[in-house]
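Protein sequences, first through last, are from chains A and B.
Residue 1 is where the first sequence starts when you use this note's numbering, and the numbers rise one by one after that.
Residue 1 is where the second sequence starts when you use this note's numbering, and the numbers rise one by one after that.
Treat the hints loosely; a few may be bogus.
Cβ-Cβ distance ranges computed for the label pairs, FRET-style [as the list claims (entries may be wrong)]:
no.	chain 1	residue 1	chain 2	residue 2	range
1	A	SER207	B	ARG120	25 to 35 Å
2	B	ASP17	A	ALA254	20 to 30 Å
3	A	THR147	B	ARG10	34 to 44 Å
4	B	PRO39	A	ALA177	47 to 57 Å
5	A	PRO189	B	GLU87	49 to 59 Å
6	B	GLU87	A	ALA254	51 to 61 Å
7	A	THR18	B	ARG61	52 to 62 Å
8	A	SER36	B	GLN112	47 to 57 Å
9	B	ASP17	A	ALA21	56 to 66 Å
10	B	ALA16	A	ALA131	47 to 57 Å
11	A	ALA26	B	GLN136	44 to 54 Å
Derived by calculation from the structure, the hints in this document are not laboratory data.
We put the CB at the ideal spot given by N, CA and C, even for glycine.
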Amino acid sequence: MTALAAAVPRLPYALVLTLLAALVLAAATAGIAAGSVPLAAGEVWGILAHRAVPALVDPTWPPVRETIVLDVRAPRVLLCGVAGAALSVCGMALQALVRNPLADPMLLGVSSGASVGAVLVLVLNLTVFGAFSLPLAAFIGALGALTLVYVLARSGGRMTTVRLILAGVATAEVLSAIAGYLIVTSGDPRKTESAMRWMLGGFGGTSWDLVPIPAAAVLLGTVALLGVSRPLDLLLAGEEAAASLGLNVHRFRACLFVLVALMVGAVVAVSGAIGFVGLMLPHIVRLLTGAGHRRALPAAALLGAAFLIAADLAARTVIAPEEIPVGILTALAGGPFFLWLMRRKAAS
Amino acid sequence: MTPGHLRAERVGVAVADRDLVRDAVLDLTPGEVVALTGPNGAGKSTLLRTFYRARRPTSGRVLLDGEDIWRMSGRRLARRLAAVVQEPPGEFELSGYEVVAMGRSPYKKAFQGDDDGDRRIIMDALDALGVTALAQAPFDRLSGGEKQRVLIARALAQQTGTLVLDEPTNHLDLRHQLDVLRLVRGLGVTAVIALHDLNLAAAFCDRICVMHAGQVVADGPPAQVLTPALLAEVYEVTADVHAHPRTGVPQISVHPDQEGPS
Numbered sequence: 001m002t003a004l005a006a007a008v009p010r011l012p013y014a015l016v017l018t019l020l021a022a023l024v025l026a027a028a029t030a031g032i033a034a035g036s037v038p039l040a041a042g043e044v045w046g047i048l049a050h051r052a053v054p055a056l057v058d059p060t061w062p063p064v065r066e067t068i069v070l071d072v073r074a075p076r077v078l079l080c081g082v083a084g085a086a087l088s089v090c091g092m093a094l095q096a097l098v099r100n101p102l103a104d105p106m107l108l109g110v111s112s113g114a115s116v117g118a119v120l121v122l123v124l125n126l127t128v129f130g131a132f133s134l135p136l137a138a139f140i141g142a143l144g145a146l147t148l149v150y151v152l153a154r155s156g157g158r159m160t161t162v163r164l165i166l167a168g169v170a171t172a173e174v175l176s177a178i179a180g181y182l183i184v185t186s187g188d189p190r191k192t193e194s195a196m197r198w199m200l201g202g203f204g205g206t207s208w209d210l211v212p213i214p215a216a217a218v219l220l221g222t223v224a225l226l227g228v229s230r231p232l233d234l235l236l237a238g239e240e241a242a243a244s245l246g247l248n249v250h251r252f253r254a255c256l257f258v259l260v261a262l263m264v265g266a267v268v269a270v271s272g273a274i275g276f277v278g279l280m281l282p283h284i285v286r287l288l289t290g291a292g293h294r295r296a297l298p299a300a301a302l303l304g305a306a307f308l309i310a311a312d313l314a315a316r317t318v319i320a321p322e323e324i325p326v327g328i329l330t331a332l333a334g335g336p337f338f339l340w341l342m343r344r345k346a347a348s
Numbered sequence: 001m002t003p004g005h006l007r008a009e010r011v012g013v014a015v016a017d018r019d020l021v022r023d024a025v026l027d028l029t030p031g032e033v034v035a036l037t038g039p040n041g042a043g044k045s046t047l048l049r050t051f052y053r054a055r056r057p058t059s060g061r062v063l064l065d066g067e068d069i070w071r072m073s074g075r076r077l078a079r080r081l082a083a084v085v086q087e088p089p090g091e092f093e094l095s096g097y098e099v100v101a102m103g104r105s106p107y108k109k110a111f112q113g114d115d116d117g118d119r120r121i122i123m124d125a126l127d128a129l130g131v132t133a134l135a136q137a138p139f140d141r142l143s144g145g146e147k148q149r150v151l152i153a154r155a156l157a158q159q160t161g162t163l164v165l166d167e168p169t170n171h172l173d174l175r176h177q178l179d180v181l182r183l184v185r186g187l188g189v190t191a192v193i194a195l196h197d198l199n200l201a202a203a204f205c206d207r208i209c210v211m212h213a214g215q216v217v218a219d220g221p222p223a224q225v226l227t228p229a230l231l232a233e234v235y236e237v238t239a240d241v242h243a244h245p246r247t248g249v250p251q252i253s254v255h256p257d258q259e260g261p262s
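Chain B extracted, bound-state conformation (with noise of 0.2 Å):
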C-alpha cells in the first residue's frame, strides 16, 4: 500500500461539444489529500470519473505513478486505485460482506474464491468503518449512512495507496463524516475526496482544489483559497473566513440573508 502519485494533465471531457471540464490539472504527491471543491455542475465528479476509468478523457491524460491509467487494465489499476462512487442503490439482496468481498475481486482469477487472508482483510475493514454489525445485514435495507460507510469499506478492501472519494460524507451524521475523514486522514494513504463542506476540507486537506464551470480555477493549502473573493466569484455568497478558535485552519460564516454579490 505505497501511496500513489496521481496527476491530471490538462485533462478534459467533452460530451456533444459541451465541456464539462476543460484543462483540468492536479497533482496529488504521494501521501497528500486533497479536497475537490466547488458548486453542483462545476464537473467535480465527471474528474474523479476519469481517475477510475468509468469515463475516458476526451483530452489530456491520467497518470498514476508516471503511467497512464487508461493504458493499464482495470484490474492493475484497481488494486493500486479504490474508489467511493455514487449510484443509485441496487434492488439485489447482497450483504453488507458482500459487498465489501468485491473489493478483494481485482485480485482474483476466475474460479477463484476468498481465502482466510482476504476474510480476514474484508472483516478489518468492516471494523475499521465499524459496521462489523452490518456484515450479514441485507445492504439494500440499511439507512444511507451505513451504506456510505459499508462502500467504504469496501474501498479499503481493495488495499491500494491511492483513494477517489466522490462526496463521502453524504448522508452521514457529524460524529461520522469526522470519523470517517479522520480515518482516510490517518490511512497515509493519497487521497483526493470531491467534498461540499468547506469547513471540513480546510479541517482535514492538506490542499484544497476548487472547480468552476468545468476548470480548475483554485489550488492550495486551505489558508490561501479560502478567501472572501473566491467565495463571492465561485459560489456567489458572501461570507466571513476566520481561524478556528482552537485549531487555527480557517473556517467560513456564510452571511446567510443576502442574494449574492453581483
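The shape of chain A in the complex, shown without the other chains (with noise of 0.2 Å):
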C-alpha cells in the first residue's frame, strides 16, 4: 500500500476562476494600452466604457486614441483571447480525445491541416462560399490532418505515445511544406510575410471583420464541450471502461474530433499555425483544478485567452516597431515545457 498518497492542496474553484478572469481582464488592459502610441489603462477603461453607454465617460482623449483603441487594438486583443481559448480547450478534449497529456493541435498536424486549406483557398482564390470559404477550408484540412493522423498512429485498437507523436509530427511537417510551397509558387507580392503568418501564427493587421466567425465557434464548441465534460471524463477511463459506463465511444469521438476540427479550423483560418498553447496550458490548468473536465475546460479558456493575449502583446513590444510572429514565442516557451513533460514521464 502507499502510504502517502495525499491529496493535492488545490484553491477553491470559484477563486480560480476568479483570478483567471482577472488574469484575462489585466491581459487585455494591457494589451490594448501598450503599442506606438502608449495609454494609461484609465484611459482605455474610458473609451470602451463610453463605446458601451457614451453618457458614462466624458470623453476627454484625442479622437485618434479612440480610433487607436476600438478600431485596432480592440480587435486584434479580443481574437487573440479568442484563438487562446480555442486553443487551450481543444488541447485538452485532443489529450482526452487520444487519451495521452502530449497531444496538442499543432503536434498532431491538426494546425498544419488547417493552414494547408487556408492557403489553398488564398492561393487559387476560392470563394464559393463567401466570407465562410476560408474557415470552411481550414476546417475541412484540419479534419483530414485529425483523422489521418489519428488513423496512422493506431494499430491493432492501442495508440502508444511513441506513434501518436510520431504520426503528428510527420503529419505536421509535411503539411506545413505543402503549405509553404504553396505560397512560395504563389503570385503573391508579400510570399514570404504571408508564409511567416500562416507558419509561425500571428496577429497583423486584425480587423473586426476577422473576428466574428472565430468567435463564434469558438463560443458555441466551447459549450458543446463543457455539455460533454462527462462524457470527456469517461475516455480518461480507457475505452473499454467507457462503454461499460455506457459511452458509445467510437461515435463520441468522430463527433469530437469534427468539433475540435472546426474551432482549430476557425481560429487558424485568421491567426494561422500557433503551437503549444494547447499544450502547456491544459497541463497547468489541469494541477489548478484537477482532470475533471467540468471544472478543468472553464479554467483553461480563461487560462489559454489571458496567455496568448499576453504572448501577442511581447510579440508586437519586444523588438518594436518590428513585430515577431507569435508562434516564435509559444514555440519557445512551449518546447522547453514539452520536454520537461516527456522526460517527467519517463521518469514516473
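Join these two chains into a complex; the hints should help.
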C-alpha cells in the first residue's frame, strides 16, 4: 500500500476562476494600452466604457486614440483571446480523445492541416462560400489531418505515445511544407510575409471583420465541450471502461473530431498555426482544478485567452516597431515545457 | 437494484477468421455468482467484453432480462450492468473520488452535475471498499490493489443488478481478495467473475464455468467441475482435489514437480 497518496492542496474553484478572469482582464488592458502610442489603463477603460454607454464617461481624449483603441487594438486583443481559449480548450479535448497528455493541435498536425486548407483558398482565390470559404477550407484541412494522424497512430486498437507523436510530427511537417510550397509558388507579392503568418502564426492587421466567425465557433464549441464534460472524463478512464459506463466511444470520438477541427479551423483561418498553447495550458490548468473536465474546461479557456493575449503583446512590443510572429514566442516557451513533460513521464 | 438475468446464447467472437470465442452458452439466474475460469487466452475476457458492450459478438446474442443488450442504448445497459475491467493505467490526475463519480454518468444528462444523492452513493461505494481515505488522492499514484478497489467502488456507484468483473482480485493481497469476493457475494446481485484462483472460485461462487480454446467446456457447481481429469485436460497439470477441512468446498493441490500429463 502507498501510505502516502496525499491530497493535492488546491485553491477553491471559484477563486481559481475569479483569478483567471482577472488575469484575462489585466492582459487585455495591457494589450490595448501598449503600442506605438502608449495609453494609460484608465484611458483604455474610459474609451471602452464611453463606447458602450456614452453618458458614462466624458471623452477627454483625442479622437485618434479612440480609433486606436476601438478599431486597431480591441479587435486584435479580442481575437487573441478567442484563439488562445480555442487552442487551450481543444488541446484539452484532444488529450482526452487520444488519452495522452502530450497531444496538442499543432503537434498532431491539426493546425498545419488547417493552414493548408486556408492557404489553398487564398492561392486559388476560391470564394465559393463567401466569407466562410476560408474557415470552411481550414476546417476540412484540420479534420483531414486529425483523421490521418489518428489512423496512422492506431494499430490493433492501441495507440502508443511514440506512434502518436511520430505520426503527428510527420504529418505536421509534410502539411506545413505543402503550405509553404503553395505560398512560395503563388503570385503573392508579399510571399515571405504571408508564409510567416501561416507557418508561425500572427495577429498583425486584425480588423473587426475577422472576429465574428472564430468568436462564434469558439464560444459554441466550448459550450458544446462543457456539455460533454462527463463523456470526456470517461475517455480518460479508457475505451473499455467508457463503453461499460454507457458511452458509445466510436461515435463520441467522431463527433469530437469534428468539433475540434471546427474550432481549430476557425482560429487557424485567421491566425495561422500557433503551437504549444494547447499543450502547456491544459496541463497547468489540471494542476489547478484537477482533471475533471467540468471544472477544467472553463479554466482552460480563461488561461488560454490570457496567455495568448500576453504572448501577442510581447510579440509586438519586444522589438517594436518590428513584430515577431507570436508562434515563435509560444514555441520558445512550449518546446522546453514539452521536453520537461516528456522526461517527467519517462521518470514516473 | 433487482438482480438481473444474464444470458449468453451461443456467443461467438471471430477476428480475421480466428475464433476467439465459439458458441459460448452461459446462463446466470438472478442473484447467482458464477466464476469464469480457464487458461490464459481461453477467451474469458473476450466473452466478458460482449457483456458490457466493449465488443460486439460476431454471432449469437447476449440477453439481460430477455433483452438483447446490443439493441439497447449503452446508457440504459450501464444502469443495469456494471463492469470492472482490466485496462492500462491512464496518465491523468483524476482523484479517487472523481473516478468513482464516473459511475454516476449513466444517470446524467449533458450539463447535469452531481447532486447530494449522487455524492452519498459515491461516498458509500468508497466506504464499502475501504478506500474513503483515497477519495482525494491522485488515482494514478495508488498501488495496484488500491486502484482495483477504487474501480470496484465505481462499479458499485453504478447501482446495477448485475456485475461483470474481469480478474477483480488481480494485484490484491490475500485479505483484500477475500474482502472483495465476500463483498460481491453479499450484494445479492448477479455476478460473473473471471478468476484464475480456482480455490477462491470454489469458495465464493455458486458455479464455475471453465473455458478452453474459446469454448465453454464445463459449467456446474464447484464439486462437479473441479476434478483431476478436467484440470489435467484444460490446464495440463496433475492435481488432487479434496474437501476444505472447515467448509467442505473442493480445494485443489497442484503437484509441483511435473511436466504435465501428456
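Verification of the supplied hints:
1. In this structure the supplied range 25 to 35 Å is violated for SER207 of chain A paired with ARG120 of chain B, their Cβ-Cβ distance being about 55 Å.
2. A hinted range of 20 to 30 Å for the beta carbons of ASP17 of chain B and ALA254 of chain A is consistent with their spacing of about 28 Å.
3. The hinted window of 34 to 44 Å between THR147 of chain A and ARG10 of chain B holds, with their beta carbons roughly 37 Å apart.
4. Checking the proposed 47 to 57 Å range against PRO39 of chain B and ALA177 of chain A shows it holds: the Cβ atoms sit about 52 Å from each other.
5. Distance hint check for PRO189 of chain A and GLU87 of chain B: the Cβ-Cβ separation is about 56 Å, which falls inside the suggested range of 49 to 59 Å.
6. In this structure the hint that GLU87 of chain B and ALA254 of chain A lie 51 to 61 Å apart at CB is violated, the actual value being about 22 Å.
7. At about 54 Å, the beta-carbon gap between THR18 of chain A and ARG61 of chain B stays in the expected band of 52 to 62 Å.
8. Judged by the Cβ atoms, the range 47 to 57 Å given for SER36 of chain A and GLN112 of chain B holds: they are separated by roughly 50 Å.
9. Against the hinted window of 56 to 66 Å, the Cβ-Cβ separation of ASP17 of chain B and ALA21 of chain A comes to about 59 Å, which satisfies the hint.
10. Checked against the hint of 47 to 57 Å, the C-beta distance between ALA16 of chain B and ALA131 of chain A comes to roughly 49 Å, which is consistent with it.
11. Between ALA26 of chain A and GLN136 of chain B the Cβ separation comes to about 32 Å, which falls outside the hinted range of 44 to 54 Å.
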